[in-house]
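Since chain V is already given, all that's left is putting chain B with the ligand on it; use the hints.
Order-wise, the sequence lines are chains V and B. The first sequence begins at 20 in my numbering and counts up by one. The second sequence begins at 331 in my numbering and counts up by one.
For the record, the hints were derived by calculation from the structure and aren't laboratory data. Computed from a predicted structure; not experimentally measured. A couple of the hints might just be wrong.
No more than 25 Å apart at the CA atoms, straight line, and that leaves these computed lysine-lysine pairs for PhoX-like [as the list claims (entries may be wrong)]: (1) Lys442(B) / Lys335(V); (2) Lys475(B) / Lys529(B); (3) Lys442(B) / Lys109(V); (4) Lys109(V) / Lys204(V); (5) Lys120(V) / Lys145(V); (6) Lys529(B) / Lys472(B).
If you want the building blocks of each chain, they are given just below.
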Amino acid sequence: MADQLKSNPVKPSEITPKHVYLSRRDFIKAAGVLAGSMALTSCLPQTVEPPSASTADPAIAKKTDELGDPVNSFDDITHYNNYYEFTTAKEGVAGLAAKFKTSPWQVEVSGLVSQPRTFSVEELIKRYPPEERIYRLRCVEAWSMVIPWVGFPLAKLLQEVEPTSAAKYVRFETLFNPEEMPAQKEKWYPWPYQEGLRLDEARHDLTLLATGLYGGELPAQSGGGLRLVVPWKYGFKSIKAIVKIELTATQPATLWSTIQPGEYGFYANVNPQVDHPRWSQASERRIGELARRETLPFNGYAEQVAELYEGMDLRKNY
Amino acid sequence: MSRPRITPLQFIVHLAGGVPAAQMLFALLADRLTANPIQRLEQLTGLTALTFLLLSLACTPAAALSGWQELTRRRKALGNYGFLYAALHVSIFIALDYGLNLNALLRDVGSKRYILLGAAAFLLLIPLASTSFNYWMKRLGKNWKRLHRLVYLISPLVVLHFFLAVKGNPLNLSGNISQPILYAAITSLLLLLRLPPLKKALIQLRTRWLPPVKPA
Ligand code: HEM
Numbered sequence: 020m021a022d023q024l025k026s027n028p029v030k031p032s033e034i035t036p037k038h039v040y041l042s043r044r045d046f047i048k049a050a051g052v053l054a055g056s057m058a059l060t061s062c063l064p065q066t067v068e069p070p071s072a073s074t075a076d077p078a079i080a081k082k083t084d085e086l087g088d089p090v091n092s093f094d095d096i097t098h099y100n101n102y103y104e105f106t107t108a109k110e111g112v113a114g115l116a117a118k119f120k121t122s123p124w125q126v127e128v129s130g131l132v133s134q135p136r137t138f139s140v141e142e143l144i145k146r147y148p149p150e151e152r153i154y155r156l157r158c159v160e161a162w163s164m165v166i167p168w169v170g171f172p173l174a175k176l177l178q179e180v181e182p183t184s185a186a187k188y189v190r191f192e193t194l195f196n197p198e199e200m201p202a203q204k205e206k207w208y209p210w211p212y213q214e215g216l217r218l219d220e221a222r223h224d225l226t227l228l229a230t231g232l233y234g235g236e237l238p239a240q241s242g243g244g245l246r247l248v249v250p251w252k253y254g255f256k257s258i259k260a261i262v263k264i265e266l267t268a269t270q271p272a273t274l275w276s277t278i279q280p281g282e283y284g285f286y287a288n289v290n291p292q293v294d295h296p297r298w299s300q301a302s303e304r305r306i307g308e309l310a311r312r313e314t315l316p317f318n319g320y321a322e323q324v325a326e327l328y329e330g331m332d333l334r335k336n337y
Numbered sequence: 331m332s333r334p335r336i337t338p339l340q341f342i343v344h345l346a347g348g349v350p351a352a353q354m355l356f357a358l359l360a361d362r363l364t365a366n367p368i369q370r371l372e373q374l375t376g377l378t379a380l381t382f383l384l385l386s387l388a389c390t391p392a393a394a395l396s397g398w399q400e401l402t403r404r405r406k407a408l409g410n411y412g413f414l415y416a417a418l419h420v421s422i423f424i425a426l427d428y429g430l431n432l433n434a435l436l437r438d439v440g441s442k443r444y445i446l447l448g449a450a451a452f453l454l455l456i457p458l459a460s461t462s463f464n465y466w467m468k469r470l471g472k473n474w475k476r477l478h479r480l481v482y483l484i485s486p487l488v489v490l491h492f493f494l495a496v497k498g499n500p501l502n503l504s505g506n507i508s509q510p511i512l513y514a515a516i517t518s519l520l521l522l523l524r525l526p527p528l529k530k531a532l533i534q535l536r537t538r539w540l541p542p543v544k545p546a
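Only chain V is shown next, with the shape it has when bound in the complex (with noise of 0.2 Å):
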């Protein structure tokens, strides 16, 4: 799949100077020389080196973002992040999903549009080349990565669909299956995990339907079958294992927005300026990474899509 990959549509518009930062592993080194003067060392293991579950592409480990800065390590990727589907354990859901069937995989696509589908993904990774995209992804909960997705733009498959004038939303709902996602058993969600988009966010092409990762499938803990990328608003709105896409004329209620809406909002934009009560929205930690980053406007991505919002008061639409 990796060479009928078309590069990256988000142009390097400027070279940052490069982060100064510790990484992870010198973070460790330095525990270890702290324990060391201890005296503890005798009796601690040497340090381990993670078992690499990695079968991606180590060309790919040595790409950046348009803003120079490196994507993160596949281990990183498939390893740490939220699913609560599986557990809310970010470390968890690798191992709990390792059996979740991602393929075959089907969408419905249905509501207010002219041609009402349901499409296998075999079939749209056919129908629409796979494209690399190496967006950031900001979680709500102040930490970022940078990540190699493999898909193609929401767009076309809109396009091909074909939205009624009446459409002004796109609504997503995630696969509900509690024998395979454990987790949904569980009371405390109101399952199935949905989302949406206003139309026009939907169609941008930033927007992204991702099939792969790392040059590869999309292993199910990342969302696989199909999810959706959306990388100028926290991760959160980037529902995974999508079996519904649905165009309807009024605002969808989100998961997240449900359960607490004064929390989080629709919109629900990377933006340092809106506070959330409990993590900084300022500032962030790029896994890897020791010191804190600025947090940048839409994500980094107000050049393209600061538009969609003019005129709309960001604090209130959070």
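This is chain B with the ligand only, laid out in the frame that chain V set:
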């Protein structure tokens, strides 16, 4: 060897006090603290601190119920471990998470309710930990006990801090709140058992149902 200088219970308390720190150190060196080890350490130290505070609060009712009076003499050490882990928790937050950048810290979290609650709890713990030496116990006399009742305020503050630190909403019982609910339930129980009628009931429970305790 006729009189052991450390009782088995004392040994257990100090072992329990050291084990979480050792576990965290091992996990850190083995890179087993997820891809975001600083946050994980913050959570582990916070949870450990609260656990020790509650263990310390459990001593008195457990002694009343079991008649094992030595339990009440281990309260202080358990509380001190609570303070040590809380100090570690706060230090990791300030020194590692924010790299001692106090400007960024105040800008980011200075007004966050959950941080203010945590900070209040931590500040209140300081006088308790610093008067835990025998010198102060003797010197403060009755006031020592009064002062240390602050823990009745501190533990609910920490539980609230916990509720606000997780993603979820206790008001409509949704989100990631099963753990804070468990801690809240234990805290409430331990505090309720301080109420005189319930205290009496505990002692009666022992005298009625359990064999009499040999005098020490
Ligand atoms: C200045 C004081 C404090 C600060 C700045 C602070 C900071 C934090 C932060 C940032 C978190 C969230 C970690 C995360 O999930 O990202 C947290 C969670 C927590 N803190 Fe504190 N804290 C303070 C005081 C305390 C004290 C005194 C205790 C207990 C004695 C405590 C116990 C906890 C607990 C139990 C959690 C939840 C851990 C979890 O999510 O599993 N904190 N604290």
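Now for the hints, and whether the structure bears them out:
Straight-line distance between C-alpha atoms of Lys442(B) and Lys335(V) comes to about 19 Å, which keeps the hinted pair within the 25 Å bound. Our distance criterion of 25 Å between C-alpha atoms is met by Lys475(B) and Lys529(B), whose separation comes to about 17 Å. For the hint linking Lys442(B) to Lys109(V), the alpha-carbon distance of about 24 Å falls within 25 Å, and the restraint holds. A threshold of 25 Å between alpha carbons decides the hint, and for Lys109(V) with Lys204(V) the separation of about 18 Å falls inside it, so the pair holds.
For the hint pairing Lys120(V) with Lys145(V), the CA-to-CA distance comes to about 20 Å; that is within 25 Å, so the pair holds. For the given pair, Lys529(B) sits about 20 Å from Lys472(B) by alpha-carbon distance, which is consistent with the 25 Å threshold.
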